[in-house]
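All chains, full assembly: derive it from the sequences and hints.
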Amino acid sequence: MQNQELYISIVSPSKPLYEGKVTSVILPLYDGLAGILKNHAEMMAELGPGKLYVKNEDDEIVFFINGGFVEVSKNKITVLANEAYKKEDLNKEIVQKEYQQIQSIKARGDEQIQEKLQKLNAVRNKLSFLKEK
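Counting in the numbering used here, the sequence shown runs from 1 upward without gaps.
Rather than coming from a laboratory, the hints here were simulated on the basis of the structure. Predicted, not measured: the structure shown is a model, and the values here were computed from it. It is possible that part of the hints are untrue.
[Claimed, not checked] Once the Cα atoms are required to be at most 20 Å apart in a straight line, the calculated PhoX-like pairs of lysine-lysine come out as: (1) LYS21 - LYS86; (2) LYS74 - LYS21; (3) LYS92 - LYS51; (4) LYS76 - LYS38; (5) LYS119 - LYS131.
So this is what it looks like as structure tokens:
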């Protein structure tokens with residue numbers, strides 16, 4: 001198993017986004033970032049909103065993801081994202097409308113307030129992702 005290549009599969013509910021050999025991956029977990037290299041220990045973790053960096057021999061690809069799960073086992077990384085986009089797949093005007101809609105929600109009670117805050121955090125991260133070069 002030591003000589004096996006590191007491989008990733010990124011899937012969202014709408015479509016598979018990326019599959020292939022990689023040299024490293026940086027993931028936004030629910031409680032921080034995780035870096036994955038060849039022969040990483042097995043793990044399963046909850047994903048948070050943020051940038052997913054996929055580095056291969058030729059270049060680095062950046063995705064925005066919002067929640068889901070990651071599993072690492074035997075040099076295979078499986079990312080099951082609730083939402084996942086490449087920058088060119090996001091429309092700034094649509095994301096801004098989404099932000100305005102979430103802001104207009106009248107949250108009552110701890111659960112609704114927490115849900116609204118999580119949605120606002122995700123859409124803010126999406127807007128930040130769009131502003132980057």
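Consistency of the hints with the structure:
Proximity of LYS21 to LYS86 is assessed by CA-CA distance (about 18 Å); at most 20 Å being required, the pair is judged to hold. Proximity of LYS74 to LYS21 is assessed by CA-CA distance (about 13 Å); at most 20 Å being required, the pair is judged to hold. Of the pairs offered as hints, the one joining LYS92 and LYS51 holds, with about 17 Å between alpha carbons and a cut-off of 20 Å not exceeded. In summary, the hint linking LYS76 to LYS38 is supported, as the alpha carbons are separated by about 9 Å, within the 20 Å threshold.
Using a Cα cut-off of 20 Å, the hinted pair LYS119 and LYS131 holds, with the two alpha carbons roughly 19 Å apart.
Against the hints set out earlier in the document, no violation occurs for any number.
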